[in-house]
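Take these sequences, add in the hints, and give me the full structure.
These protein sequence lines are chains W and L, in that order. Counting along the first sequence from 1, when you hit position 325 you're at 325 in our numbering, and nothing is skipped either side. Counting along the second sequence from 1, when you hit position 114 you're at 114 in our numbering, and nothing is skipped either side.
Derived from the structure by calculation, the hints contain no laboratory data. Some clues are possibly wrong.
As the list claims (entries may be wrong) - Some, not all, of what chain W presents toward chain L, calculated at C-beta under 7 Å:
#1 166
#2 206
#3 209
#4 221
#5 225
#6 228
As the list claims (entries may be wrong) - Under 8 Å between C-beta atoms, here's a sample of chain W residues computed to sit facing chain L:
#7 15
#8 16
#9 20
#10 146
#11 158
#12 174
#13 210
#14 217
#15 230
#16 234
#17 445
#18 448
#19 453
What the hints assert, rightly or not - Computed beta-carbon distance windows for the label pairs:
#20 W:289 <-> L:137: 36 to 44 Å
#21 L:89 <-> W:294: 23 to 31 Å
#22 W:54 <-> L:94: 38 to 46 Å
The beta carbon of each residue, even a glycine, is placed where N, CA and C say it ideally should be.
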Amino acid sequence: MDVHPVYAPPPVIEPGHSFGTVTEKIAAIVLTRRHPYSWFFGLFVGFILTMMLLMAITWLLIKGTGIWGVNIPVGWGFAIINFVWWIGIGHAGTLISAILLLLKQDWRTSINRFAEAMTLFAVCCAGIFPLIHTGRPWLAAYWLLPYPNTMGVWPQFRSPLIWDVFAVSTYLTVSLLFWYVGLVPDLATLRDRARSIYIKRLFGMLALGWRGAARHWERYEAAYLLLAGLSTPLVLSVHTVVSFDFSIGIIPGWHATIFPPYFVAGAIYAGFAMVLTLAIPLRVIYGLEDFLTMRHLENMGKVMLVTGLIVGYGYMTEAFFGYYSANQYEKYMVLNRQFGPYWPFYWSLMVCNIIAPQFLWIKSVRTTPILLFVISQFVNVGMWLERFEIVVTSLHRDFLPSSWGWYWPTRWDIMTFFGTIGLFVTLFFLFIRVLPMISIFEMRTIVPEARVKGAKAH
Amino acid sequence: MNHTPPVPSLYGVMAEFADPTSLVNAARRTYDEGYRQFEAYSPFPIHETFEAMHLHDKRVPLLVLGGGIAGLVAGLGLQAWVSAVAYPLNIGGRPYLSWPMFIPVTFELTILFAAFAAVFGMFGLNGLPMPYHPVFNVERFAVHASQDRFFLAIEAKDAKFDLERTRAFLRGLGATEVNDVPE
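Structure representation (structure tokens):
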């Protein structure tokens, strides 16, 4: 007797696809000469902003950090705000590719590749800030990296700032390895499809001579699964370590045990918002609605809703910590955030991060791409405001009223920030032009003809 | 001078299949027939082929374990040496070997070394990068093996290999095409 499931989730790929059509559809984006005008427009905007970033960094290196808005008491300004924001965005890629792989979520297949690329580019943008934040990056080597130098000086391993260096560089390296390992079989496909001999050789070198042998696939899958298993605690550790930058300190509003889980949830929240920001236009521009189905968008909306609620819980706990601590500085910090000079930031943060995602409870909102896009923009802005509020409101009025101060970014801060957005856009647009943005070989495994008949499903 | 005329040597014989089910069946029958030096090629991993070919290579997980342990030892050792031997800093009389503070870096290096072991170990055991391999001499393989076709090649060095008989055997497996693979 056939058992018909009462509820089956909608398919992760539209019906009617075969090995040939998925290969053709995704590889053609890379290998055909024609490209949509919107791609050129996007690359142009990204490139202009990247030039602005270079200008801002050059001026910083010439003049020093005096051109920024930071001063005592707010010594941490845009640099760390943007660093934490970008790192958070970078969390979704590895989460999608690793955690959803271990949980056997088949809908990850069509979004993992570009989400991983997004991770890499976001981590690159994040990495710029700690490098330039002293204004003298060439001096950064000896206090960040443990290498024998002529001064006999070594880094302070008890400092969370050093943990950050190790966490972020490990994260970047492992994400890059994970991404490249996933790319190798697809690079072989591109090698075999390319018509021009130069492009064939280029992809041939990158594909390392991959030939799809069963012995290779067996080790490949073992390595890929292990990488996923290694990346899962890694991705959770990175934002935990970033949150230690704050929570190890004694500044009111920072010294709280809620920080690691609250930061990790925020990172996933921000990351999924950015994946949606990229996926919604991409599927329309490149006609990928068959692969990036409504189910993908809806699931990402659900993840955003859940992590948004965790973040909301984090905000409540933070406020509760302040009231319950019986510590006048902590109490004042909470009031100062809500009603002090930076009150518009706090309340717009609440609107963006707590109120906006509540619309995701409604199914018709989750299945309307334009509404999902708008909500992701709210979350993108909201997560930035969260970092601003944590960094600035805690620092500008800490303990002694005589040393209170004020922080406002200068045009150089703002140019650097928007410049990194430009760098991110540029790298991402170049990526979708030169590499397959959806994993072709994994898409082949989910088309119906990939089922081996007469064998039990694995 | 003794000039031997070049003899085109043979890597093996390759059969092409249209779908994964035929490949799995062919791999199982090839193994059961007694062939051992053969390989199945597919554009995506097929777990049933691994079973059909009786593959169980457990070296990648072992390498990863080794990499992880090496990273752990390196991370802890580096920090302990720097903090207690090379550059001891007495801050408020706190211990030099403050190991709880060494956990984050140790953890990150464990993951980093294990990931390196996974990736380089996998490529190393697979013999990649490999700039040349005879299977690509089969024209259809070079185009379709990474896209939509399934191949099985029996190598000439297999003890049971006999050109005529192996060709006939592969044809009998339902191959759409059987080709010789020049070295």
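Hints, verified against the model:
Contact between residue 166 of chain W and chain L, as hinted, is supported at the beta carbon level, the nearest pair being about 4 Å apart and thus within 7 Å. At its closest, the beta carbon of residue 206 of chain W sits 10 Å from a beta carbon of chain L; the interface hint therefore is violated under the 7 Å criterion. Annotation: residue 209 of chain W was flagged as interfacial toward chain L, and the flag holds, the nearest CB pair being 4 Å apart, inside 7 Å. For residue 221 of chain W, the suggested interface contact is upheld, since its CB lies about 5 Å from the closest CB of chain L, less than 7 Å.
The beta carbon of residue 225 of chain W comes no nearer than 9 Å to any beta carbon in chain L, farther than 7 Å, and the hint placing it at the interface is violated. The interface hint given for residue 228 of chain W is broken, as the beta carbon of that residue sits about 10 Å from the closest beta carbon of chain L, more than 7 Å. Below 8 Å, beta-carbon pairs count as interface contacts, and residue 15 of chain W has none with chain L, the closest being about 18 Å; its hint is therefore violated. The criterion of a C-beta within 8 Å of any C-beta in chain L is not met by residue 16 of chain W, whose closest approach is roughly 15 Å, and the hint is violated.
At its closest, the beta carbon of residue 20 of chain W sits 5 Å from a beta carbon of chain L; the interface hint therefore holds under the 8 Å criterion. For residue 146 of chain W, the suggested interface contact is upheld, since its CB lies about 6 Å from the closest CB of chain L, less than 8 Å. Because the smallest distance between the Cβ of residue 158 of chain W and any Cβ of chain L comes to about 4 Å, under 8 Å, the interface hint for this residue holds. The interface hint given for residue 174 of chain W holds, since its Cβ lies 5 Å from the closest Cβ of chain L, which is under the 8 Å cut-off.
With a least beta-carbon distance of about 7 Å to chain L, the hint placing residue 210 of chain W at the interface is held under the 8 Å criterion. The interface hint given for residue 217 of chain W is met, as the beta carbon of that residue sits about 4 Å from the closest beta carbon of chain L, less than 8 Å. Annotation: residue 230 of chain W was flagged as interfacial toward chain L, and the flag holds, the nearest CB pair being 5 Å apart, inside 8 Å. For residue 234 of chain W, the suggested interface contact is upheld, since its CB lies about 5 Å from the closest CB of chain L, less than 8 Å.
A least Cβ separation of about 5 Å between residue 445 of chain W and chain L falls short of the 8 Å threshold, and the interface hint therefore holds. Interface restraint check for residue 448 of chain W: the shortest CB-CB distance to chain L comes to about 11 Å, outside 8 Å, so the restraint is violated. Residue-level restraint check for residue 453 of chain W holds (minimum Cβ-Cβ distance to chain L is 5 Å; threshold 8 Å). A hinted range of 36 to 44 Å for the beta carbons of residue 289 of chain W and residue 137 of chain L is consistent with their spacing of about 40 Å.
At roughly 57 Å, the beta carbons of residue 89 of chain L and residue 294 of chain W sit outside the given window of 23 to 31 Å. Distance hint check: the CB atoms of residue 54 of chain W and residue 94 of chain L are about 44 Å apart, consistent with the given range 38 to 46 Å.
In terms of the numbered hints stated before, the structure departs from hints 2, 5, 6, 7, 8, 18, 21, listed from lowest to highest.
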